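Asks: Now for the letters of each chain:
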Amino acid sequence: MDRRTKEAVRYLGYGNHAVDDGTLALIGDSFDELDQTAGRRIVYRIFDVLFQSGGCMEIGGFPVTSKDLGKNLRGCESVVVLGATLGPETDLLMRRYSLTDMAKTVVLQACGAAMLEEYLDEQQEEIRQEAAKQGLYVRPRFSPGYGDLSIRYQEMILRMLDAPKRIGLSMTDGNMLTPTKSVTALMGLSRQNIACHIRGCEACNKTDCMFRRS
Amino acid sequence: MLSERLGKELLYFDGGMGTLLQSKGLKPGELPEVWNLTHADELVDVHRQYFEAGSDIVLTNTFGANALKFHDSKYGLKEIVDAAVRNVKKAAALGVRDGREIYTALDVGPTGKLLKPMGDLGFEAAYEAFREVMRYGEEAGADLIHIETMSDTYEVKAAVLAAKENTNLPVTVTMIFDEKGKLLTGGDVPSVIAMLEGLRVDALGVNCGMGPKQMLPIVKEMMKYSSVPVIVKPNAGLPKQRDGEVYYDVSPEEFADTMEKVLEEGACVIGGCCGTTPDHIRAMTQMADRRPVHPPAAKEDTIVSSYGKAVVLSRKPVIVGERINPTGKKKFKQALKEHDIDYILKEGITQQDSGAHILDVNVGLPDIDEASLMQEVITELQSVTSLPLQIDTVDIKAMEAAMRIYNGKPMINSVNGKKESMDAVFPLIQKYGGVVVALTLDEEGIPATAEGRVKIAGKIINEAGKYGIPKKDIVVDVLTMTISSEPGSAQITLDALKGVRKKYGVCTILGVSNISFGLPCRPVINANFYTMALQNGLSAGIINPSSEDMMRSYHSFCALMNYDKNCEEYIRYYAGQTGTVAAGPKAALGQQAGTPGLSLKTAIERGLKEEAYHAAAELSKTQEPLEIINQYLIPALDAVGKGFEKGTVFLPQLLMSADAAKIAFAVLKDVLEKKGGETEKKDKIILATVKGDIHDIGKNIVKVLLENYSFDVIDLGKDVPPEVIAACAVKEDVRLVGLSALMTTTVVSMEDTIRLLRREKPDCKIMVGGAVLNQEYADMIGADFYGKDAMQSVYYAQEIFAKQN
Ligand code: B12
Ligand code: SF4
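Just so you know, the sequences run in chain order G and P. Heads up: the first sequence at position 86 corresponds to 86 in the working numbering, and the numbers run straight through without jumps. Heads up: the second sequence at position 691 corresponds to 905 in the working numbering, and the numbers run straight through without jumps.
Calculated directly from the structure, the hints in this document are not laboratory data. Remember, predicted model here, so these are calculated numbers, not experimental data.
Here are some, though not all, of the chain G residues that point toward chain P, as calculated from beta-carbon distances under 10 angstroms:
| no. | residue |
| --- | --- |
| 1 | Gly13 |
| 2 | Gly15 |
| 3 | Val19 |
| 4 | Tyr44 |
| 5 | Ile46 |
| 6 | Phe47 |
| 7 | Phe62 |
| 8 | Gly87 |
| 9 | Ser170 |
| 10 | Asp173 |
Residues from chain G that face chain P, not an exhaustive set, calculated with beta carbons under 7 angstroms:
| no. | residue |
| --- | --- |
| 11 | Glu89 |
| 12 | Asp91 |
| 13 | Met160 |
Just so you have them, the derived chain G footprint on chain P, three or more residues with Cβ under 8 angstroms:
| no. | region |
| --- | --- |
| 14 | 546-560 |
| 15 | 595-601 |
Yeah, the Cβ is synthetic: ideal placement off N, Cα and C, and Gly gets one too.
Based on the provided sequences and hints, a complete structural model is requested.
Replies: Put into structure tokens, the structure is as follows:
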């Protein structure tokens, strides 16, 4: 089983249970279809971060308040702000199947999520290599909605990145990203050499790490 | 006058604004439009430099000036637009020294939101936002409206309509494409051009996104399709980053060099976008030196489009799917009456899967609000299929309503040779754009001769010309008559088909299946007549693409006439098949016969759809449908549900079982209806994911299960405002509402919804679920019931309705 299949199985809630053949076949079909239809677009920019007291900071001049993000960014001098999406094509595909095949729809959701993660991991790796050239180390991705970082910051991120124009990523009045298979995230850049786990703190075994996001 | 110069002489736009303002201190994320008021001198300075560099058309600094983006600004929109226009005029007074005629263009960019159905901004709301700035712009003295950097055909349609309906200014549009020649929302060059030409813009083109080099192939493609002048405004290269700053690195000289190639392709208006400076524009105007332009030739292709796809009617015939139409279809009529939109959408998807290129949409029934239903069906269809649609109605109000909200350039069915019809339909085509089906009948009826029909076609084409509607936007239907009542009529139709093709060179369309009315074994006649019509020049057949016979005619024709390269499509469809036609309408489902021994219960438990179908059909020969439901269907679902609760069955399996059960249920329902037995009046339940939350998987599972237990679920979707839920509960007199939420932040909307429901519909019970909730939370927000999984919703619903009934 390749990693994205494993991830999709995990999103589907199988835990340690063996996955049945029917579902596995659906997962295979879904990835095939997504590979053909899904768009993959990303935009990111690097901004300076200034720390103030009480979980307050300024990223690229924008005020942000979040203790959890503050902890995760401690010691960083700048932040990669990014938005990525699998595009409206993916939503269309899921809508289309939601009419005729719910199982496929759910599996497509899971595969889409796995695909988005995989894409972000690849991009993050490139960013890591770029940063390394300048002696900078990348912290894990931190998204609005994690911990105490309000999803209202989504609007700020989209504006900072000019995301609607650059990758067609926008949001609803309720701060939901559209297209739905999308993420926004912040990643700290610091001179401190800590080797972060690409899958983030949850997958990392440095439980005593002082930057660990809760 | 600008409109007289466009396409006749070379005109120059200005260059980038954002990048220059950033160098003057504008921060990323700050609203640049505010600078019109706070930094007027800086703006006048930039505009002046562009005039000095030779620009004829200078854009106001109003790219993002709309009510949607300015909701948190302390400055009024009108104030900003006034100042913006003033700044350009002031700069012109300072910077234009050769007395040339110049123009202030009101710059209109996208709203920054995605329109429904992909996002949450309504078409009319977008229209309103554009209308507001455009009115201010005209009042302030702008000379034209330039809509730019658009990546969504739907949004651009709202903007163009707003401009045309509320101002008298010329309208130009440029869109942003990626390197593959696609919009971010999936549209391609021909689909964009077809729609914009239909909307009668004065010029169209491409801006932003990439540098002049990368833009060349797109410009080339635009020239191939466009009949109106083309505008090209590239960036100074692709955006790059250094020290957190975005920059562009194509030099003015290099920019000018490549713009020369752009001119050679045939662009009539050129300028720059992000990263270009007055130096770039100066180099460009010096290079171009007012050389003569060649106005674009009128193109002859008949194109219909949706937001993502253009269908060109050319030599290879296309298939228009006829199934979305209530005529003669009992189930479809019922679906319309019950407002069962899903049923209609499934008809659309089935036809797409069978090979349709365009879908005909007819929802006309007596006693139905056709205009609003048509709008709804069109919108919903466009959220699940990218096939272009054919709006089929005799109700002019419904026709206009649908054309207005259609995303793309639709096909319109139909106009005819009666004066009344042409007077009503042509103004709509002229305004919204579209390819119209012209029926060859008039006040005197349908001519009995081919010549008569050809003559009417000529009359219609001629009259259309008076509205500026070109021949390419007319597709002639010479009408199919039933041969059983009118012998000889097939020959007349075929002759007329050939006649209009030869005389006017227009595309043609026919409703094919009419031919066999009243005869036995209709598919045989239909398929053969279809082939004959194709042979006589039929461009588009309105047929049932799920009919194997028709598709055989189609694929054979294409293969034989060399429209199907290397017979690829033919082989794809028919490799491995023998020559006999599978019998019966259910052939698709029944093709691979299932394991006959597999009982219904096992089939459902294992989630095997085909087997469930066969098992149910088999059982229904010997047992009563209701008995089958109680003995096999429900126990099977129960077993699966219990397994899911225990964690031995997982989500996809649960859903596969539910789908299998649904199919079995449909078989039994058919049997019940054939026997004339009334299917019970079902209890209604509303389901919705609350406002602000788009996690709808859980809610959808609840829906599937409830439906399988014969509840009538009204699914309001996700991100649903409390008012919508309450209004629906009142209107439909619903006694149970299920709400789903998955985020801590949206539990609040759930609470709001409950509060509103209590006030508006006190006798209604409310159940809630979703991963963030628990019993305690549910009690706190005042729900009647908390269900930890989907099965609980069934138990609770049964309990509630057992009490009430
Ligand atoms: C799939 C998923 C998504 C998908 C959603 C696709 C879709 N159409 O639903 C996508 C990838 C789009 C998504 C996006 C986001 N998500 Co999300 N997502 C999930 C995930 C992984 C699974 C949710 C799910 O579908 N579960 C499976 C279903 C079947 O379970 P369920 O909904 O609970 O339903 C069952 C029961 O609860 C019950 N039930 C449900 N409803 C009802 C109703 C009634 C009446 C009854 C009786 C029963 C009942 O029955 C169901 C079947 O038994 C969860 C994590 C998790 N494990 O929960 C995060 C999660 C919900 N997401 C989260 C967040 C923050 C987001 C984002 C804001 C992230 C971001 N910054 O991009 C975005 C929002 C995107 C946007 N557009 O703005 C957080 C929410 C945090 C919180 N508690 O507030 C979660 C918990 C993940 C996390 N830990 O961070 N997400
Ligand atoms: S816990 Fe691991 S992944 Fe998280 S910040 Fe520390 S080192 Fe990086």
